[in-house]
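Make the full structure from the sequences, and use the hints.
Protein chains in written order, with my numbering: chain X, 253 to 560; chain A, 253 to 560.
Please note that a few of the clues may not be correct.
Each pair may be met inside one copy or between any two copies, as identical chains are not told apart.
As the list claims (entries may be wrong) - Listed next, the in silico DSBU-like pairs over lysine-lysine satisfying Cα-Cα at most 35 Å (straight line):
no. : residue 1 : residue 2
1   : K531      : K318
2   : K438      : K531
3   : K416      : K484
4   : K406      : K377
For the record, the hints were derived by calculation from the structure and aren't laboratory data. Please read these numbers as outputs of a predicted model, since none were measured by experiment.
Number of protein chains: 2
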Amino acid sequence: MSNVLVLGHKNPDTDSICSAISYAYLKNEMGMLAEPVRLGEVNNETLFALNTFKFDEPRLVTQVAKEATQVILVDHNERQQSADDIGDVQVIEVVDHHRIANFETMDPLYFRAEPVGCTTTIILKLFKENNVEVPSNIAGLMLSAIISDSLLFKSPTCTEQDVKAAAELAEIAGVDAQSYGLDLLKAGADLSNKTLEDLISLDSKEFEAGDHRFEVAQVNAIDVEEVMVRQKELEVLMTNAILTKKLNLFMFVVTDILNNNSVAIVLGKRADIIESAFKSSVIDHRVLLPGVVSRKKQIVPVITEALS
Amino acid sequence: MSNVLVLGHKNPDTDSICSAISYAYLKNEMGMLAEPVRLGEVNNETLFALNTFKFDEPRLVTQVAKEATQVILVDHNERQQSADDIGDVQVIEVVDHHRIANFETMDPLYFRAEPVGCTTTIILKLFKENNVEVPSNIAGLMLSAIISDSLLFKSPTCTEQDVKAAAELAEIAGVDAQSYGLDLLKAGADLSNKTLEDLISLDSKEFEAGDHRFEVAQVNAIDVEEVMVRQKELEVLMTNAILTKKLNLFMFVVTDILNNNSVAIVLGKRADIIESAFKSSVIDHRVLLPGVVSRKKQIVPVITEALS
Ligand SMILES: [Mn+2]
Ligand SMILES: [Mn+2]
Numbered sequence: 253m254s255n256v257l258v259l260g261h262k263n264p265d266t267d268s269i270c271s272a273i274s275y276a277y278l279k280n281e282m283g284m285l286a287e288p289v290r291l292g293e294v295n296n297e298t299l300f301a302l303n304t305f306k307f308d309e310p311r312l313v314t315q316v317a318k319e320a321t322q323v324i325l326v327d328h329n330e331r332q333q334s335a336d337d338i339g340d341v342q343v344i345e346v347v348d349h350h351r352i353a354n355f356e357t358m359d360p361l362y363f364r365a366e367p368v369g370c371t372t373t374i375i376l377k378l379f380k381e382n383n384v385e386v387p388s389n390i391a392g393l394m395l396s397a398i399i400s401d402s403l404l405f406k407s408p409t410c411t412e413q414d415v416k417a418a419a420e421l422a423e424i425a426g427v428d429a430q431s432y433g434l435d436l437l438k439a440g441a442d443l444s445n446k447t448l449e450d451l452i453s454l455d456s457k458e459f460e461a462g463d464h465r466f467e468v469a470q471v472n473a474i475d476v477e478e479v480m481v482r483q484k485e486l487e488v489l490m491t492n493a494i495l496t497k498k499l500n501l502f503m504f505v506v507t508d509i510l511n512n513n514s515v516a517i518v519l520g521k522r523a524d525i526i527e528s529a530f531k532s533s534v535i536d537h538r539v540l541l542p543g544v545v546s547r548k549k550q551i552v553p554v555i556t557e558a559l560s
Numbered sequence: 253m254s255n256v257l258v259l260g261h262k263n264p265d266t267d268s269i270c271s272a273i274s275y276a277y278l279k280n281e282m283g284m285l286a287e288p289v290r291l292g293e294v295n296n297e298t299l300f301a302l303n304t305f306k307f308d309e310p311r312l313v314t315q316v317a318k319e320a321t322q323v324i325l326v327d328h329n330e331r332q333q334s335a336d337d338i339g340d341v342q343v344i345e346v347v348d349h350h351r352i353a354n355f356e357t358m359d360p361l362y363f364r365a366e367p368v369g370c371t372t373t374i375i376l377k378l379f380k381e382n383n384v385e386v387p388s389n390i391a392g393l394m395l396s397a398i399i400s401d402s403l404l405f406k407s408p409t410c411t412e413q414d415v416k417a418a419a420e421l422a423e424i425a426g427v428d429a430q431s432y433g434l435d436l437l438k439a440g441a442d443l444s445n446k447t448l449e450d451l452i453s454l455d456s457k458e459f460e461a462g463d464h465r466f467e468v469a470q471v472n473a474i475d476v477e478e479v480m481v482r483q484k485e486l487e488v489l490m491t492n493a494i495l496t497k498k499l500n501l502f503m504f505v506v507t508d509i510l511n512n513n514s515v516a517i518v519l520g521k522r523a524d525i526i527e528s529a530f531k532s533s534v535i536d537h538r539v540l541l542p543g544v545v546s547r548k549k550q551i552v553p554v555i556t557e558a559l560s
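Right under this line is the structure:
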């Protein structure tokens, strides 16, 4: 029998990679043959976490059905964010903290979604519910995921449960959450080795609202202007993506991780909704988003509402 | 602020009613103002459970949006099985043990589905996870739901977790699961006060597979032939339902609760799939289903597969 593959979303972020590794560890402890895999390149922030806690990158798998008959999804549930051939395998479990949409099964399954800031906050509960101890290096990865998804506890998606889980995990991992966290975010905000193509695609997600398809890409930065000086070149790439993927809207968000604000470039035939949806002027396709750091909580619902 | 309504599916069964009452109790203990409601008439089996443990029927609510802005779904997730206006309220939690389909939210929520035989098996875990004690009368209702959904532990949907939960709940409720269980199932199989219309509609669920819409109604009986002698009259009512609801297939299942077999009447333009799907001859629209007792595990997936 083939292993059960544990996978996060496309364009994996730190939560997707660390959830896959830690949940696969838990399932193995519980007697299942489970292997964490990734659907795409690991980003600099995640690499920093993997290096710190001495893990290799999970294996890259692009076609899951070639490898397994059963999979577990972590940190996502929407079909279009998963493996392209996800329809050809059985999803036996989902552990997630996003809205639920475009998800359907033939049979009952274990589906655990909670409105918390990070998937590993839920995975920590699952370790406890199953009486499995979290090893120190796994705790480090799980902590990294919470720091990443919550922008060091500053995102509005961050809940008390995330803060409490992070404190427990930092204790087990033997690191200081604040100082390690800032190093982790800075590693993620190091854009020096990124092409412009990388910026608009590495952490990008597609969504549907009514008949509209939109995409929101996000990068964290220490110096936002360093990215924005290349706006014209970015717009060319975004326009290509709009045509190729038949998008009605493409939003590219640069988030200032030290000051917790964002600036976005918006293009596409439904970019007209942005000004009123976010109550902020769009000038030369650029919009300031004060206090906005969370794609999931502060951007996607606002666009979905405006397009519906 | 209005109460949060806790609701099971249309044509409520014992699990839907008892899950709504017990989960609303738990949420109230946890500080939420929650009220259990029902979307339809309570059946004889459920009435027996409510009477035994001294509960009133939950209030009948047909339009949830008039009453509340937020709801919790138990024992179902598919839109067409829920309140007709479910799209007008926010679903903040789901606790269920069915496949997931036709479910979508704008925001993250608490969604807890597990592949066990009954919703109250999961609710018992939630009492424990939140350190709330199960009162004896609530335990009686939760036990009733497990007995009902598992046909006294004989259905293939019944898991070890259900058996274990039932034993715990029987202890708390102070009843003998076997003897109480048989009385409960017999109360449900008392069809003497049922019209033919009741038989094909009270515990009936609609499903979609590809472009096909089908419905499966089920009744439990002690004497199957008592129902089947009225086959011709039942067929008239079923044909009406097929026309009114634009069904491609209507299956009416009579389950012998003492011997754990079923007999079904099948009508509709896609009734042609039944013979090969269930590997059993269809004679005069009637098919024998030896060992089949579970709509969810032994009927719906088989039809879905055949129609897809
Ligand atoms: Mn996440
Ligand atoms: Mn049920």
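Right, here's what the structure says about each hint:
{"no.": "1", "hint": "K531 / K318", "result": "between (47 Å within a copy, 31 Å between copies)"}
{"no.": "2", "hint": "K438 / K531", "result": "within (30 Å within a copy, 62 Å between copies)"}
{"no.": "3", "hint": "K416 / K484", "result": "neither (43 Å within a copy, 64 Å between copies)"}
{"no.": "4", "hint": "K406 / K377", "result": "both (22 Å within a copy, 32 Å between copies)"}
In this structure, only the earlier hint numbered 3 is contradicted, and the remaining ones agree with it.
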